[in-house]
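2 protein chains.
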Amino acid sequence: MTQTRERVEAWLGAFESALRDRDGERAAGLFAVESFWRDLVAFTWNITTVEGRAGVAALLADRLDDVEPSGFALTEEPAEADEVTEAWLRFETRAGRGTAHLRLRDGRAWTLLTTLRELKGFEERRPQGVEHELRKGRHSWKEEREREQDAVGRTEQPYVVVIGGGQGGIALGARLRRLGVPSLVLDRHDRPGDQWRKRYKSLCLHDPVWYDHLPYLPFPDTWPVFAPKDKIGDWLEMYTRVMEVPYWSRAEVRSATFDAGSRTWRVVVDRDGESVELRPAQLVFATGMSGKPNRPRLPGQDVFRGEQHHSSEHPGPEAYRGKRVVVVGSNNSAFDICGALWEHDADVTMVQRSSTHIVKSASLMDIGLGDLYSDRAVANGVTTDRADMIFASLPYRIMHEFQIPLYERMAERDADFYARLEKAGFRHDWGDDGSGLFMKYLRRGSGYYIDVGAADLVADGRIKLAQGQVDHLTEDAVVLDDGTTLPADLIVYATGYGSMNGWVADIVDRATADRVGKVWGLGSDTTKDPGPWEGEQRNMWKPTQQENLWFHGGNLHQSRHYSLYLALQLKARYEGIPTPVYRLQEVHHPH
Amino acid sequence: MTQTRERVEAWLGAFESALRDRDGERAAGLFAVESFWRDLVAFTWNITTVEGRAGVAALLADRLDDVEPSGFALTEEPAEADEVTEAWLRFETRAGRGTAHLRLRDGRAWTLLTTLRELKGFEERRPQGVEHELRKGRHSWKEEREREQDAVGRTEQPYVVVIGGGQGGIALGARLRRLGVPSLVLDRHDRPGDQWRKRYKSLCLHDPVWYDHLPYLPFPDTWPVFAPKDKIGDWLEMYTRVMEVPYWSRAEVRSATFDAGSRTWRVVVDRDGESVELRPAQLVFATGMSGKPNRPRLPGQDVFRGEQHHSSEHPGPEAYRGKRVVVVGSNNSAFDICGALWEHDADVTMVQRSSTHIVKSASLMDIGLGDLYSDRAVANGVTTDRADMIFASLPYRIMHEFQIPLYERMAERDADFYARLEKAGFRHDWGDDGSGLFMKYLRRGSGYYIDVGAADLVADGRIKLAQGQVDHLTEDAVVLDDGTTLPADLIVYATGYGSMNGWVADIVDRATADRVGKVWGLGSDTTKDPGPWEGEQRNMWKPTQQENLWFHGGNLHQSRHYSLYLALQLKARYEGIPTPVYRLQEVHHPH
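Chain order of the listed sequences is W and H. Numbering-wise (our numbering), the first sequence opens with residue 80 and increments by one. Numbering-wise (our numbering), the second sequence opens with residue 80 and increments by one.
Be aware that a few hints might be false.
Treat identical chains as interchangeable: a pair holds within one or across any two.
For lysine-lysine, the following DSS-like pairs were computed, each having C-alpha atoms within a straight-line distance of at most 30 Å [claimed, not checked]: (1) Lys277 to Lys502; (2) Lys543 to Lys199; (3) Lys543 to Lys371; (4) Lys607 to Lys277; (5) Lys543 to Lys402; (6) Lys543 to Lys607.
In case anyone wonders, no lab produced these hints; they're calculated from the structure. All of these numbers come straight from a predicted model, not from anything done at the bench.
Using the sequences and the hints given, assemble the complete structure.
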């Protein structure tokens with residue numbers, strides 16, 4: 080046995096023994112003074128991170144008797160680098176089986192990640208398919224599917240209703256189907272995938288394929304690194320079908336009301352013109368981080384005689400050849416739309432209202448994601464599942480410390496590019512603390528552009544740049560607060576999206592939205608991510624202050640990974656497994 | 080280095096040295112007296128097996144200068160069992176890179192499999208997807224796809240036309256797309272997958288999921304072991320779309336003529352009512368082993384007043400509740416159809432015309448396929464690709480010797496079942512030489528049933544059994560040659576399918592069908608597989624005596640694996656790489 084292995088085994092032995100003795104204090108003593116235990120549902124029926132020995136002790140004092148953890152064991156040889164020992168583990172609880180990731184420093188736990196992977200008695204197994212015994216009255220797969228489709232929402236109520244059938248709703252729907260939880264995904268578009276198809280023509284994934292896999296069915300080796308929107312749309316549509324996700328297209332939710340007596344929701348749906356009332360126990364908002372447009376209200380919008388629309392409604396550049404277009408905003412959508420308009424010979428001006436962070440795609444792929452999500456990572460044995468776990472194992476409290484050096488390298492590598500951008504008058508930043516794009520995404524979900532070519536057009540003036548706030552519109556121009564007048568035939572408001580609980584205010588009510596509070600953000604007290612510190616994404620994938628109300632979403636990586644934990648929480652409730660929530664999040668920043 | 084490895088390395092060193100010296104005789108001396116070298120396109124631009132030292136020497140004498148083989152090297156630690164050393168290798172030729180599998184006995188090669196995996200300069204790589212440089216006139220993925228779809232067969236001619244868009248045509252189409260060979264798959268149904276959907280209701284795969292993967296995109300872990308027909312249909316449809324296979328539905332080929340001058344085909348297609356002429360260089364028949372029904376001609380078919388149809392047209396059991404049904408035949412379709420009719424309360428009689436081989440599905444899965452295609456195999460590191468290679472490495476000449484003991488075990492395990500069947504008067508066999516189901520499939524593609532429950536119904540009389548040939552029909556009955564009269568409201572002819580070159584006779588002409596000869600079969604001189612010995616499936620996936628005419632098909636395993644070699648042969652011709660064919664098969668058994 081290697082020394083490294085001995086060290087881990089010794090720690091595990093002591094930890095197990097303390098857990099067995101229900102001695103939380105002793106277990107906590109095995110953690111370093113600065114330490115983080117992140118739990119995804121396995122110990123806490125919550126997504127939460129506790130810090131330091133006091134945090135560990137408090138968690139164990141509350142949860143140990145109920146969880147009955149045991150069987151911590153290495154699943155592979157532990158590794159040592161830079162005085163940190165890294166170990167991959169499995170373990171059990173009374174309710175389920177989990178995997179864990181541990182980092183030891185000086186013989187004590189520095190980070191621990193525990194994740195629930197399956198519930199005992201409800202393990203996912205490959206089905207047999209056709210029964211191999213003939214009997215009268217047997218139904219074919221097709222008949223059974225048709226029966227189900229006819230029954231759901233009519234004679235059979237789903238246990239879970241998911242509002243929104245983009246990648247998030249679909250991934251969750253696939254997991255719930257697999258777990259045998261009766262569910263229904265509702266989506267207002269004509270077909271699954273239209274959430275992507277109906278966006279502006281040049282839209283494509285700025286994240287690479289290794290980061291984007293959906294659960295169960297990874298993209299094939301033939302899949303492009305950066306998939307265009309219509310191809311993603313096709314994939315989502317076929318995925319919904321082959322994974323047998325119960326899905327209603329052309330279904331808009333009009334209202335949802337929680338009945339505290341029966342503990343069920345009344346969800347009123349306009350299904351292709353017909354009003355249907357659903358009565359699920361659980362309601363999941365998967366309406367998208369980028370689902371609810373921020374539409375600025377500006378003086379003169381009523382007198383402007385050209386066209387104006389939010390970026391989410393932008394149809395693409397074809398109709399604007401030779402036209403004067405003002406794009407308000409300077410994040411991803413603004414750049415994508417400006418670039419496509421320039422390619423189609425529009426006269427384009429971007430209005431930058433606040434500083435933006437830009438990284439070149441190739442640099443981000445190489446330096447920012449390459450160790451976890453790339454051909455190189457796969458060749459090193461870092462599968463997508465392993466990458467997800469490694470990523471999840473880094474506590475949010477200190478994640479920026481790991482990120483800052485990466486962005487310093489990008490700044491150096493692309494120094495010429497940034498110099499040219501600044502020379503063109505573009506205001507560029509690296510985040511409040513220099514931690515770059517990923518922290519901006521986790522903290523505020525905005526404020527950046529992954530450059531796939533359009534930044535160069537701004538740097539060399541082919542896309543014109545103006546600075547400032549929009550003061551008002553005239554009949555044919557945008558006027559900025561410094562008096563600059565930008566003549567326009569079209570104004571595109573690339574002004575981003577509101578918090579997901581805006582949907583709760585619309586669909587449920589304002590009181591419920593206030594009770595739930597802000598969705599997304601870590602509480603880092605940086606721009607657009609007000610404190611206090613929460614340490615996890617507020618309200619995402621975990622219980623909220625509104626009973627039986629959940630939020631799901633994020634990018635494809637998050638939809639894939641966190642849909643597992645959300646699905647297991649819903650499955651446990653469906654099966655009547657007790658799910659006492661440890662440290663239910665406090666509410667901040669009501670709607 | 081282990082002794083085993085030393086032994087393999089020594090053999091490889093001697094082999095390489097002989098090849099380098101272009102000394103075929105010396106290389107042949109490294110083979111055992113009884114030995115087999117199976118080549119899949121790498122050395123021979125053919126699919127062929129040579130036997131013994133003379134066979135090896137002749138192959139090398141003809142091909143060595145052209146192939147320039149080199150770089151034979153182990154890709155993993157070789158294994159030894161039962162005095163056979165088994166080694167996995169890679170190698171190169173002038174044109175491409177390959178993998179090989181070698182079995183040594185007493186230090187000499189007993190079996191060698193060489194397979195071409197990619198052509199140099201045309202390696203399959205993951206595409207980047209969206210270009211990361213903006214330029215005027217750039218097209219989106221969707222625009223490019225639409226342009227392609229409009230152009231193919233009109234302003235742009237495909238290099239390859241594939242007739243038949245079932246699993247075979249689709250798998251080949253996906254590979255050709257990936258290799259950048261302009262192709263078009265033609266299919267007469269409304270949608271991809273209808274080849275399965277439109278068959279009788281109870282149809283399902285009798286092969287397990289591990290055996291059935293398509294290229295590039297394996298079924299997910301959620302996929303049932305035995306998939307029902309409509310689910311396969313959905314998969315094929317979505318696969319066609321996400322793999323971007325160029326595919327025309329509702330397209331029936333009316334005729335095809337080879338123009339020896341221009342060396343292209345004129346293919347006349349009825350595309351949804353419009354006549355279109357295509358001019359491909361290469362024409363592939365992927366019309367299915369079970370594509371061309373054998374319809375018996377019987378006296379009295381014109382006077383019978385009930386319904387009669389071939390099994391391929393059987394709509395399912397619903398309409399026949401309480402009716403008297405006679406099913407002529409006793410293979411897979413006959414049992415499936417009889418079983419479903421019994422489940423729906425029809426009065427069913429099966430007419431057994433000749434002896435049939437039956438194995439119970441569970442026994443076949445466990446004993447026959449379990450080492451290569453099962454959860455157990457995957458757990459042992461036998462991926463589908465590895466299983467395909469192991470299977471391909473067993474020479475057809477001696478394959479029955481490996482199969483016989485497996486079926487002896489099944490006979491023992493299910494002895495009670497067979498006793499009951501025979502007691503019910505069912506004539507059962509194990510193949511001419513006791514080698515069972517798989518050899519029957521490879522030799523004749525018929526003569527068996529994988530029991531998924533219906534055999535029990537025959538054994539206990541719930542499905543009635545009659546023996547003999549049909550002599551004639553009356554107004555309301557089937558009369559057998561012994562005078563037995565079977566009253567019938569419906570007659571189903573589960574009488575199997577004709578050779579694929581029947582399609583050539585219909586679509587091209589009789590002369591071409593005769594020039595090509597029999598398709599399928601090994602030439603084993605057993606029932607329905609007349610000699611002489613060919614040693615490979617006649618005419619499948621390899622050059623035929625008709626220039627630029629090819630056959631593709633088989634079960635999902637074969638469609639997956641052999642589509643690679645057929646695609647590489649077509650790609651080489653498309654790119655103008657010389658492809659001298661070694662041992663072009665002789666013609667036997669003209670149409």
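Comparing the hints with the structure gives:
1. For a Cα distance limit of 30 Å, the shortest separation of Lys277 from Lys502 qualifies neither inside one copy, at 36 Å, nor across copies, at 66 Å.
2. In the homo-oligomer, the alpha carbons of Lys543 and Lys199 never lie at most 30 Å apart, since the shortest distance is 60 Å inside one protomer and 46 Å across protomers.
3. In the homo-oligomer, the alpha carbons of Lys543 and Lys371 lie at most 30 Å apart inside one protomer (28 Å), although the nearest pairing across protomers, at 66 Å, exceeds that limit.
4. Taking identical chains as interchangeable, the C-alpha atoms of Lys607 and Lys277 lie at most 30 Å apart only when both belong to the same chain, with a minimum of 29 Å there against 57 Å between chains.
5. In this assembly of identical chains, Lys543 and Lys402 lie within 30 Å of each other by CA distance solely inside one copy; the values are 14 Å within and 79 Å between copies.
6. Taking the shortest alpha-carbon separations for Lys543 and Lys607, only the intra-copy value of 27 Å comes in at or below 30 Å, while the best inter-copy value is 77 Å.
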